[in-house]
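Chains as they are written, first to last, in this note's numbering: chain A, 1 to 412; chain B, 413 to 1088; chain C, 1089 to 1397.
Honestly, the hints are just simulated from the structure, not real lab data.
Just so it is clear, the structure is predicted and the values come from calculations on it, not from any experiment.
It is possible that part of the hints are untrue.
Derived SDA-like pairs: lysine to any residue, alpha-carbon spacing no greater than 20 Å straight-line [to be verified]:
hint, chain 1, residue 1, chain 2, residue 2
1, C, K1196, B, L444
2, A, K340, A, Q371
3, A, K146, B, L537
4, A, K205, B, N591
5, A, K223, C, I1237
6, A, K223, B, A564
7, A, K104, A, K205
8, A, K146, B, F508
9, A, K393, C, G1152
Far from chain A by the CB rule (all over 10 Å, computed), these chain C residues [claimed, not checked]:
hint, residue
10, L1094
11, F1187
12, A1326
For every residue, glycine included, the Cβ atom is placed at its ideal position computed from N, Cα and C.
Here are the chains, one letter per residue:
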Amino acid sequence: MITRRSTFRIATGIASAAVLGSPAAYAADQAVKVGIDLSFTGADAETAARIANGAILAFEDANAAHTVKGVTFELVKYDDATATAGQYDPAQAATNARKMVSDKDYIAAIGPQMSGAGKAMSPILSAGNLATITPSSTNPDITDPKFAAEYRPAGKAIYFRTVATDAYQGPNMANYMAEKLKIKSVYVLDDSGAYGVGLADAFQKQAEAKGVKVLGRDRLDPKAADYSAILTKIKAAAPDALYYGGVGQAGVKLAKQAYEIIPNVIKAGGDGMQSADLLKGAGFPAVQGWYATVASPHVTDDPKTAKFRERYFARFKIYPDDYTVTCYTAAQVIIAAAQKVAATGKPVTRDAVRDAIQNVALPDSMLGPIQFDENGDLKNKIISVFQIQKDDKHPLDDPASQYKYVGVAPMS
Amino acid sequence: MKALDAMFTSIAVRPFAGMAPERRRALGLLVLAAVLLAFPYIHDNDGDIDSAANAMSYAVLALGLNIVVGFAGLLDLGYAAFFAIGAYYYGIFSSFQVMPPWSGFWDPFAMLGLVEKINRGGPDLVHFTLSFWLALPTAAVVTAFFGILFGAPTLRLRGDYLAIVTLGFGEIVPIVARNVDSVTNGAAGLNGIQAPKLFGHSFGVSATPYYYVGLALVALLIFVSLRLRDSRIGRAWMAIREDATAASAMGINLTRFKLMAFAIGAAFAGMTGVYFVAKLQTATPEMFNFAVSSMLLVMVVLGGMGSVWGVVLGAVLLQLLQTWFLPELTGWVHQLGAALGAPLLQQIDFVNSTQLIFGVILVVMMLFRRDGLIPATRKMPALSYAAQHAEVRRGGFVNLDRIPRWSPAPGNALEVRGVTVKFGGLVALNAVDLTVPAGGVVAVIGPNGSGKSTLFNVITGLVEANAGSIKFEGAELLGLAPHQVLERGVARTFQNIRLFPNLNVLENVLIGQHARLRSGPFASVLHTPGNRAEEAAATGWAMDIIGLFGNRLMPRIAQTVSGLSYANRRRVEIARALASRPKILLLDEPTAGMNPAETLELAEQIKSLHELGLTILLIEHKLDVVTRLADRVVVLDHGDKIAEGRPDEVRRNEEVLTAYLGRAARAALMEEDHAR
Amino acid sequence: MTAVDLFVQQLINGLSLGAMYSLLALGFTLVYGIMELINFSHFNVFMVGCMIAMLTLQAMGLSGQSVILSGAPLVLTLLAGFGVSMVLCGFIGVGIERFLLRPLRDVKGPAAMITTIGVSYVLFNLVLLTLGSDSKNFPNPLPPVVFPIGGAVLRLREVLIWITAAVMMFALNYFTRYTKLGKAMRATAQDPEAARMMGVEVDRVIMISFFIGSALAGASGMIFGLYYNLAKVDIGFAAGLRAFTAAVLGGIGNVPGAMLGGVLIGLIEAMSAQALGSAWSDVVIFSLLVLVLVFRPAGLLGRLAPNKS
């Protein structure tokens, strides 16, 4: 019945060309697989494609430049969305994790996109000692030592992140808004999703601790179109600021309608509001003035970043967004780890790669220095704050030119 | 495909349709079971085994939905709600999500192993440790309760309203799960749900043990579904699906059996929920949204509504189609594209089009193969020439010796006193009095629209009376539900024939006995000795009744009634009513649409019932039939009783003549006008 | 903002929302009234209508909120947007009816309804694959005119949506009550067999009602775009579900019922967001639906058809 694997490979263009072009040169290469599990179909498909591009670019580069001696990477896409669920499906994510674990060629994985999928995958990956690096799932539970018995029963950290968890992004922004923007009151919204709710919860808690009055907390249905009732309620409550935890699906509509109903309230969100989708879908003037955070230090005028953007655009004809970079970095971490293992002369196995990832130190990634703590979280927990300020000289839907860096959100 | 079709068809064959394939079917099942049992060893890929285990979950869900939609015909668009309830039930009671403070109250539960005392700094807390094996059956009970709770408000609603209300419940449950964070951990999802343990060993993360549990669950629920389908319960559901009014008139308690369908269907989903989250060890509200409910409906429709093997096949196919076949197909097309150097082929991605493909499948299935891959209604055996050409018979029923005589108590069986029925401003019956002596035959005649059928409807509880009383054997019938009226011994036929069209002759007649049988769902599934005896007796009695009509019906026992001739459908309807062992039989124009020879045959058959002592109330237009059968005739016109008496008296009654002829004359005049 | 202002503002919000639901509900009611069919494809015909309207306006040179028109150009642009989306959606509806539903007309059971679910999937995914799933900036040429009512504000677009909805409803009501075709429609709804015998061309009547219902979905799509400045592939389900709830609440098959139901649902959504929070809006709406149906199984204005036995 079921005899073939439900995966589809992307033979990365350059890699296959190199192998085909001079088969003798790399015939002895160890072909290793890296799985990338994202929600390639359904509600989050577009974001997934953009995220995956980051990894595709990184592995194409590594194969072309032969970064890791004796190793060719094959990136295998796994879709964790099903038509049955209409979006990401934790059961499918678990199946994918099992598929990767049961194939010894897999040395590491990237993903998943959603924390709900991560919760289903993590125990399986732990049992198989296959490390994964998530570019976008931010729910703190999975790497919380409190739940170590559930999410890493084998003991070692296997769920690494190149994003900060909600546990920092929300609270730090609360500090920023209280200290720098001097807000006295705030209204908090989320978008019903795991990411948005977690972010808003963390924000709300710290805002209260900082003495900011939380005038209300409510939840948007991301599929509904009309937020005017809730915005009217916020208008009547007259807060200094609105904080929204969530992604663009509801964010676009919120930005549009908030601009009309509460134009003078300070509006802020997390990294979910740092996207081209928002600029394109809501557009100016509605998005003008929104704050958004990114869970990495801002490396201004870094030629690396500019070069990456250029190459990315040349390859995919769209601008990279935040999670593209986190995914690119995740791939860089895996490549660096494989490099480290290969350098010792030992075979590149998943056990060795996991340990190498744990101890990896990428000093100058686009996200700043990358190192993981013993739970798999980034050691570096700097949260950068951006504000949307219209810049007519650049494309109006390019996040890099429309989001202005305004500073670092203070740690608690 | 054809061979497979045949295999499944033979499995689904019911008694009497052919005993021969019994062995073949057993062998087929055995081979199937062996392959499925050996699968994890033949194909040692944890991911694929897990895929198969997921497909099992959906197969169970489809089986449950099939009970509600396929058997009972109740369109449920929010079925995933029960899946969610089962999932959260186990999730909450086997994780660290809810931890009330410890008190003495919890001691007995701790002794049962349901909770344990833990301390995480601060006061002692309760940690729920519900075992998976205990959770499975209890989840069935809990979700069955919710099935009844959600089903109850929908009982009075027509099918389409039912769909929207269930859809509403399907929306509400995930929203509640998302909003009550303290209990469900909201959108973030439950953490650390216990994996099942067996003899002290945890299932852990390996897919194989879950695969076997899933397989066992599917096997169990296929078994339960088949047993229920072929029982009194299943027949009642299918009767409701086919024609709720007729089902109720044949003694089926609609409330009870609709709720039972909801409850049992929900129980299946609840058990799947437990299984599903135990395997995943997490649960988020998104797992249970409308997409899941609608995809389950697609599975049921694809497989064949009401077909047990069909819906399992539908679920497994759709699940494998999206997780295995489409990605694989995409890979092949890309390889083909690379080989041919066609970049267009390399860009095709079937995975992104999964839903599109499902949509097309749905539409195409509905247009060209509505009954699904494995239709629930079987092919009918062809009739022989001899069987098709039944001779007109004279002299009443044959094989009457098998029917016990009625011995009615003397006096009036049915007493209708001053019954008035109004529809808005229209008075359909105006203070009508009527008595039927025990053992007698009374005919009701009157022009069309005179209230004859309304009289039957009010007696059998289908229509409410505005005033009056109807006593049967001294007890009041007014206010009773139709099924209660039948239980008292009042059975009827309908003027426009209301059989259960997609069921066969035998099933129709068996449903007639519903009120006289007692087996509940448990007895039906377990085939208790009592249940087996009862079913055997019921089949015997049905055969006796059908046997009365000789070779009119006997060769057609396994034919679905929708394919029968008009006269034969009338006969089946009478047989169905007789099967309920009535004390009085209400026949609404039994000979309508029959030719004179058939009319005479039926009249004599009815007469032979009368001779056995059965009390009969008859609506009839054919005066020769009335004269032949009736002791007394009641004439209605415009809801008023205008005459009553012996047939020959009534024939000469002037008012009756005007009622009939006046109209006929007017109609004739109008006809002439029109022609001009 | 005083409590009264707040109430007035929420009333305005609810009425606008309700007007849109009403328009969508009319399409459900029309088709249900005639064929006793829950038309799930209506959800996404509405979405397609919104996309068509957007593409039409973009083809006329409008993009985003950059161009604001007034006077005759505005009226012409709006008419063009409404016209194109209504006509095209109408034909989509006719196509669905003619090729997919007519063969199923005499089939008992949920076959036709399931077909419409399938069509809904197909429409959704065709748009998804061609136009993508991102939020699109729907052109809005309306001048930002605002009428203050105390502390509350009434915007031009709200006035527009009310007027459009009211005009269409009255037109439809007039049409079904007083025109020959409308009467034929109602006759078909009552008893298609009898209507056929009385010389009504039942096929044509059903096709026309599909055309009108789908055209109304197209109009709602245009209104949705103008009101929210947004077009997105997933707008059909949430709006459609509430509109359908509205139709059932008011009494499905009943034109004034659809209006009443739509406005009620809109008001409930706004008021419950104010009172309980929008997280619970859907729970309130569906609980109310269940309650109403328990006590009035035919909906608020509907009448239970006499038993057709």
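Against the structure, the hints:
1. K1196/C <-> L444/B: violated (35 Å)
2. K340/A <-> Q371/A: holds (15 Å)
3. K146/A <-> L537/B: Satisfied, since the Cα-Cα distance of roughly 16 Å is no more than 20 Å.
4. K205/A <-> N591/B: At roughly 17 Å apart (the allowed maximum being 20 Å), N591/B and K205/A satisfy the hint.
5. K223/A <-> I1237/C: It is violated: about 31 Å lies between the C-alpha atoms, which goes past 20 Å.
6. K223/A <-> A564/B: violated (30 Å)
7. K104/A <-> K205/A: violated (44 Å)
8. K146/A <-> F508/B: Holds - the C-alpha atoms of F508/B and K146/A are around 11 Å apart, at most 20 Å.
9. K393/A <-> G1152/C: This hinted pair holds, its Cα atoms lying about 18 Å apart.
10. L1094: Given that some Cβ of chain A is not farther than 10 Å from that of L1094/C, nearest at about 5 Å, it is violated.
11. F1187: With a cut-off of 10 Å, F1187/C remains clear of chain A, as the shortest Cβ separation is near 24 Å.
12. A1326: Violated, because the least Cβ-Cβ distance between A1326/C and chain A comes to about 4 Å, which does not exceed 10 Å.
Consistency with the previously given hints fails for numbers 1, 5, 6, 7, 10, 12, ordered from lowest to highest.
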